[in-house]
Every structure is written in structure tokens, then in C-alpha cells.
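Hey, can you work out the whole structure from these sequences and the hints?
The listed protein sequences derive, respectively, from chains B and C.
Here our numbering is used: the first residue of the first sequence is 482, the next is one more, and so on.
Here our numbering is used: the first residue of the second sequence is 482, the next is one more, and so on.
What the hints contain is simulated information worked out from the structure, not anything from laboratory work.
Take these hints with a grain of salt, some might be off.
Repeated chains share a single entry, so a pair holds when one copy, or any two copies, can fit it.
[To be verified] Cut-off 25 Å, straight-line C-alpha distance, at most; resulting in silico cross-link-like pairs (SDA-like, lysine to any residue):
| # | residue 1 | residue 2 |
| --- | --- | --- |
| 1 | 708 | 674 |
| 2 | 548 | 496 |
| 3 | 500 | 712 |
| 4 | 500 | 587 |
| 5 | 708 | 488 |
| 6 | 500 | 548 |
For clarity, every value in this text was computed on a predicted model and none was experimentally measured.
Protein chains: 2
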Amino acid sequence: MGEPLTIVSANKSFGGWHKRYRHHSTTLGCEMVFAVFLPPQAGPDSPVPVLYWLSGLTCTDENFMQKAGAMRLAAELGIAIVAPDTSPRGPDVPGDPDGSWDFGLGAGFYVNATQDPWARHYRMYDYVVTELPALIERSFPVSDRRSVSGHSMGGHGALVCALRNPGRYRSVSAFAPIANPTDCPWGEKAFSRYLGPDRRGWAEWDASLLLAEAAERLPLLVDQGDKDGFLDSQLKPEALRQAAAAAGHPLTLRMQPGYDHSYFFIASFIDDHLRHHAAALLAG
Amino acid sequence: MGEPLTIVSANKSFGGWHKRYRHHSTTLGCEMVFAVFLPPQAGPDSPVPVLYWLSGLTCTDENFMQKAGAMRLAAELGIAIVAPDTSPRGPDVPGDPDGSWDFGLGAGFYVNATQDPWARHYRMYDYVVTELPALIERSFPVSDRRSVSGHSMGGHGALVCALRNPGRYRSVSAFAPIANPTDCPWGEKAFSRYLGPDRRGWAEWDASLLLAEAAERLPLLVDQGDKDGFLDSQLKPEALRQAAAAAGHPLTLRMQPGYDHSYFFIASFIDDHLRHHAAALLAG
Numbered sequence: 482m483g484e485p486l487t488i489v490s491a492n493k494s495f496g497g498w499h500k501r502y503r504h505h506s507t508t509l510g511c512e513m514v515f516a517v518f519l520p521p522q523a524g525p526d527s528p529v530p531v532l533y534w535l536s537g538l539t540c541t542d543e544n545f546m547q548k549a550g551a552m553r554l555a556a557e558l559g560i561a562i563v564a565p566d567t568s569p570r571g572p573d574v575p576g577d578p579d580g581s582w583d584f585g586l587g588a589g590f591y592v593n594a595t596q597d598p599w600a601r602h603y604r605m606y607d608y609v610v611t612e613l614p615a616l617i618e619r620s621f622p623v624s625d626r627r628s629v630s631g632h633s634m635g636g637h638g639a640l641v642c643a644l645r646n647p648g649r650y651r652s653v654s655a656f657a658p659i660a661n662p663t664d665c666p667w668g669e670k671a672f673s674r675y676l677g678p679d680r681r682g683w684a685e686w687d688a689s690l691l692l693a694e695a696a697e698r699l700p701l702l703v704d705q706g707d708k709d710g711f712l713d714s715q716l717k718p719e720a721l722r723q724a725a726a727a728a729g730h731p732l733t734l735r736m737q738p739g740y741d742h743s744y745f746f747i748a749s750f751i752d753d754h755l756r757h758h759a760a761a762l763l764a765g
Numbered sequence: 482m483g484e485p486l487t488i489v490s491a492n493k494s495f496g497g498w499h500k501r502y503r504h505h506s507t508t509l510g511c512e513m514v515f516a517v518f519l520p521p522q523a524g525p526d527s528p529v530p531v532l533y534w535l536s537g538l539t540c541t542d543e544n545f546m547q548k549a550g551a552m553r554l555a556a557e558l559g560i561a562i563v564a565p566d567t568s569p570r571g572p573d574v575p576g577d578p579d580g581s582w583d584f585g586l587g588a589g590f591y592v593n594a595t596q597d598p599w600a601r602h603y604r605m606y607d608y609v610v611t612e613l614p615a616l617i618e619r620s621f622p623v624s625d626r627r628s629v630s631g632h633s634m635g636g637h638g639a640l641v642c643a644l645r646n647p648g649r650y651r652s653v654s655a656f657a658p659i660a661n662p663t664d665c666p667w668g669e670k671a672f673s674r675y676l677g678p679d680r681r682g683w684a685e686w687d688a689s690l691l692l693a694e695a696a697e698r699l700p701l702l703v704d705q706g707d708k709d710g711f712l713d714s715q716l717k718p719e720a721l722r723q724a725a726a727a728a729g730h731p732l733t734l735r736m737q738p739g740y741d742h743s744y745f746f747i748a749s750f751i752d753d754h755l756r757h758h759a760a761a762l763l764a765g
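Shown next as C-alpha cells:
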């Protein structure tokens, strides 16, 4: 059945289980840890659908599972949640030579890097779209019904994964996504290094640009706090709104008054997102 | 209006506000940080009741607010939550000379120490029962309706605070409390240092011993995971059960199968506790 999984921890939670596993990723060329929440409904004869959660800069598999308060409703709805790490890790994986927190370790940006020295390990797109779901689907009592969501860098990742893979996800949503990374400092820093200086290669990793050619009209649900300190400089949801309008792509963009970029914001609206995904994952 | 409050952070959360404040505690003789969740119902003309949450060993004001998932239902019910730190802090406050995590900083045990060098600062009982509620009630739109709950060391604290102060709290509950601290390693270590070697002085800080003389029949709600690694060695809920039975004191002790000592356990049952407190706080 392929690569072995080593369990790191297990906690009973809302009648189901929160578990962390370590495995060797062939895509990333390193050991990776991910977390999975299995709701009480999951069993050999009752596979459950899976929501993939992609976290933001500096996070690991732990932030969402500990802070979002998502397991309560996921347990009620019967949805598994998988939270990968945010970059390759380990002694062989180069980080930012400047030691910054917005590039390198904890900042994989869910792309496949093409430039040395990043191309060897920084292939988070292939990892979260292909290798990890295959591993999850042969290791746990889950179906191949998938949805994807995420926050900030991970919101960008969720939108890109869904827009590039028609039919692979039943639904998609994002919290405070980096909506137009080819035109903000975080994205420009990461893409110029991972993908090189030629900006033509960046477009396939930018949700606002991908929307123009999306082959599938998967409705996008996006929540954004209007007191988010990164709103104007980095996140740029207006670019997504304009692209959706131009392409006729269904987008629900909710500006949430008073909310910031923290997990307090995510926790406040995660139930809405879970119900959005449940409507697609549990239909028919 | 007494000592000034300095705001440390503010995050909108579930339509209300999670805020952290710093203040000088005269009781503890040091600067303290606490967290408060104010539900959307709280206003100058609509004071809300308060649930005090006492955390366990090594925690600060942050653990419960970030990990318990309590704000969702507290916002719905209209209950404020106050989470103090777990010990005095700061450069003047002595910690454990051995540097252990189960005594000193992060381990105040909600007692008033009588022994040097602890007696000067380690007065967490007076702080959480008297000074902090007085400060909260004159600084925020809250009423004098109070409840108290906590986890592990803080579960012990919650039970002791309620049992020693008839009429002060409308309800009490605990998660995995140190139920009989005069007869477990954590309690014996802390009490012998904070209170001295004479065990006769320890009884007034032990919930199982206090139950025998409780002047008020406040119903106790206690949840305990049966896979909690500290269950047999440190927590001893059977002592509480026997004391309650002997005294005819109402106790609902729920052994939760498969659950451990973590915040995944707390999150799984916090809604039940909030409803328990709401029934008392919001009545009549």
C-alpha cells in the first residue's frame, strides 16, 4: 500500500479522532507531518468526504486543528478534515537565507518551484493536490469526495488548487486569501524566487488571473475581515471580485466588518464554510 | 475607579470582542495579564454575566481562549468569559528554584501562600475570587452574576473557589480537576511549599475535603476523560465522588470514554458546561 505512516499523536475529539502522522513524501523529498480529523461517522463501510485545509504563512498542521473550532460541526456533519504542513521541512530543505518568515520554511505558497535551490523540495502544489489525497484515500475510511479551503497563503492555495483542477474538488472556499499574488509583496517575493524572474510563468499560480480561463464554474466563497492589517497591501480581494465579474464566475465575497487576520476571525465563520462544503460533499 | 487597565490586544470574535489587558495587581504585587471575551449582547445598558475560567499547569490567559472553542456558544448565550493567568509573573516573582513546570510560575494552584518566599506574591486565590472580579465589574459592561470553571489545576481552583464562597458563584464546573490535592504528587509538592509542612492547613484548599462542610449545595458538574494519563496518579475523581456521596452534595461526574487531558477533550464538552452555567446565570 505504499509508504508507511507513523502516528505522532492521537486525541479523541467530538466523538471522532484528531491524529497526526509522519510520512516520507516522495514529491517533496522529505519527512512530512499532517493532521487528520476523522469524524465519528467514518468507518470501513461508511467512508466520509474530506475537506483539505491549507494554512497560512508560518503555520504547521497544528494551527487550524487547535484554533479554528472546526471539529464540532465537522463531527456533526460527518466530514473529515486534513491539514498538511505549509512547506517541506527538515535538515535537507533549504530555508530563506535571510531567515524571514514569508519565504522558505513555513511559506511554500502551494506552488511547484522551478528554480534552484527550491525546485528539489518546494513542490507543495503536487503534494497537496496529488500525493497527499492519494495517501489519505488509501489509508483512512474516506471517499474521493474532496473540498478545499484555506487561510491567507493557504486561501490562495485553495483557490489555485480548485481553479486548476476541474472536477477534482466539489467545493472551494477561502479566508482572507492572497487573491492576486502576482501583484503584492508576499507573492512577488515568493514567485520571483520559486518560479524565477519571468512573470509570464507566474499567472498559472494567481487565482485572479486563473479565473479568466476557468473551465469549471465552481462557486467561490471568500470571507475577508475589513480590519485585516494585510488587506490593502497583500490580500487584494478586489482583484478577485473584478476577475469574477469579468468572467461571469460565481463569487460570494463577504467583507466582515471589524474582523482581522487572526484565527478568531476564522473561528467566527468556519461553520458557514463547513456548511458550504457539506452542501457539495454530502449531496446525492 | 482604581488601577488602570492597559490593552494588550483586541480581536473581534463571533460578533463580540476578545481582549487582553495588563494591570498592576495589588494582591499579587506584580503586573498581570488577563483575557476577556465580551459577547455582542454586552453594553452599558445590558450587563452580561461572567464565567471565570481557571487554567491548568503551564497555561496563561491564552490557552482557553484560543483552543476551547467556547466563544461561539458564549456569544449566542450572552455570557462574558474571563481568563486570568495561572500564577503571578515578572522579574520580582520567584519561580521554582529547580525550574520545574509544576510549581511556581504557571503553577499558582489558586491558593494564598503562607510560606516565604512565596507568601509575598503567590495569592492567586484572593486574586481570582476578589481583586479580579472587582476590577472586571467596574471596568466592563458585566453584572455581578458569576460562575467559575477550570481545567486540571484550574478545575481544583474552580471547585475550591465555589465551595469556600457560598453565594458568590451561581454555578461551578470542572474538567479533569485535581480533585484531592492533599493526596497526590502535584498537590503535595505545591502545598508543602506554598502552605508549609503542617498538613492541617491544607484541608481548606482541597475540594474533596471541603465538600464535607459545604454550606451551600451548589451542584457540581465534572467531566473526566477515562484515557487521561494523569487520572489515577494526580486527579482522583473517586475521592470527590465519595465525598459528595457522604455529604449528600449534588455531583454529576461524567467519565468520558476515550478522552485524554488535552484541550481536544475540553473543546468536546465545553458547550455542555456553558449551558450548565447559562441555566444558572441567565435564570430569573
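- [ ] Sort out which numbered hints this structure fails and list those numbers smallest first.
- [x] Number 1 only.
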